[in-house]
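> For reference, the chains in residue letters:
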Amino acid sequence: GAVVSQHPSWVICKSGTSVKIECRSLDFQATTMFWYRQFPKQSLMLMATSNEGSKATYEQGVEKDKFLINHASLTLSTLTVTSAHPEDSSFYICSARDTAGGNTGELFFGEGSRLTVL
Amino acid sequence: TQLLEQSPQFLSIQEGENLTVYCNSSSVFSSLQWYRQEPGEGPVLLVTVVTGGEVKKLKRLTFQFGDARKDSSLHITAAQPGDTGLYLCAGEIRTYKYIFGTGTRLKVLA
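Here the protein sequences line up with chains A and B, keeping their order. Its first residue numbered 1, the first sequence is counted upward by one per residue in this note's numbering. Its first residue numbered 1, the second sequence is counted upward by one per residue in this note's numbering.
These aren't lab readings, by the way, just hints derived from the structure by calculation. Keep in mind the model is a prediction, meaning the values are calculated, not measured. Check before you lean on any hint, since a few could be wrong.
[Stated by the list, open to error] Listed below are the simulated DSSO-like cross-link pairs for lysine-lysine, each with C-alpha atoms no more than 30 Å apart in a straight line:
| id | chain 1 | residue 1 | chain 2 | residue 2 |
| --- | --- | --- | --- | --- |
| 1 | B | Lys57 | B | Lys97 |
| 2 | B | Lys56 | A | Lys20 |
| 3 | A | Lys41 | B | Lys59 |
| 4 | B | Lys70 | B | Lys57 |
| 5 | A | Lys66 | B | Lys57 |
My request is simple: use the sequences and hints to build the entire structure.
As structure tokens, then:
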């Protein structure tokens, strides 16, 4: 199946710094990618929809200035957590859809990136 | 606010037992997916159901989509320790956009 890769897998940073997480579709092009946040032992919460070449669409309650999303190419979306604070510590997961060639649009998920803000 | 409630939240059973996980909503979904997630990893798709009343089988797992496309169930027969994980349903609320259920954490004891 299609592969989506996230980097880094783990990141520890000091409070007040910014952290960038990358999401790449390795063997397909994705015009749309999704970013989720998952707290320990909880489900995934959709944060935003990343659209190639245009602005991301954020879910209600998600601060767009806090979580900057850039989808500059058909294979890469980035999530930047700006001025991170301990409450931003979480597991961030991206997903991408493969719709080329009549594919059904199955969502493929990255491995996730665990952010710990000290 | 659209919500997908899963029940039970937690389930601990002995190897060989059967179990059913439910996913319920007041919203109608154009499709619904089930995922399993291991700790520290992304979710992995198990199945997609599209038609109301549809039943799909994947080895010991049986998935059903409700007639009204508002709910779904996952039944596991003769559970094994390898079935341990977080099971998530996800409903398609707009084209290609899914919301996830609250999750069911399953532990199968050997």
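> If you draw a straight line from the CA of Lys56(B) to the CA of Lys20(A), is it 30 Å or shorter?
violated, 40 Å
> Run the distance test for Lys57(B) versus Lys97(B): straight-line Cα separation, threshold 30 Å.
holds, 24 Å
> Holds or violated: Lys70(B) and Lys57(B), Cα atoms, limit 30 Å.
holds, 19 Å
> Run the distance test for Lys41(A) versus Lys59(B): straight-line Cα separation, threshold 30 Å.
The given pair, whose Cα atoms are some 27 Å apart, holds under the 30 Å limit.
> Are the Cα atoms of Lys66(A) and Lys57(B) separated by 30 Å or less?
Outside the cut-off at roughly 43 Å; violated.
In the structure shown, a violation is registered for the earlier hints numbered 2 and 5, in ascending order.
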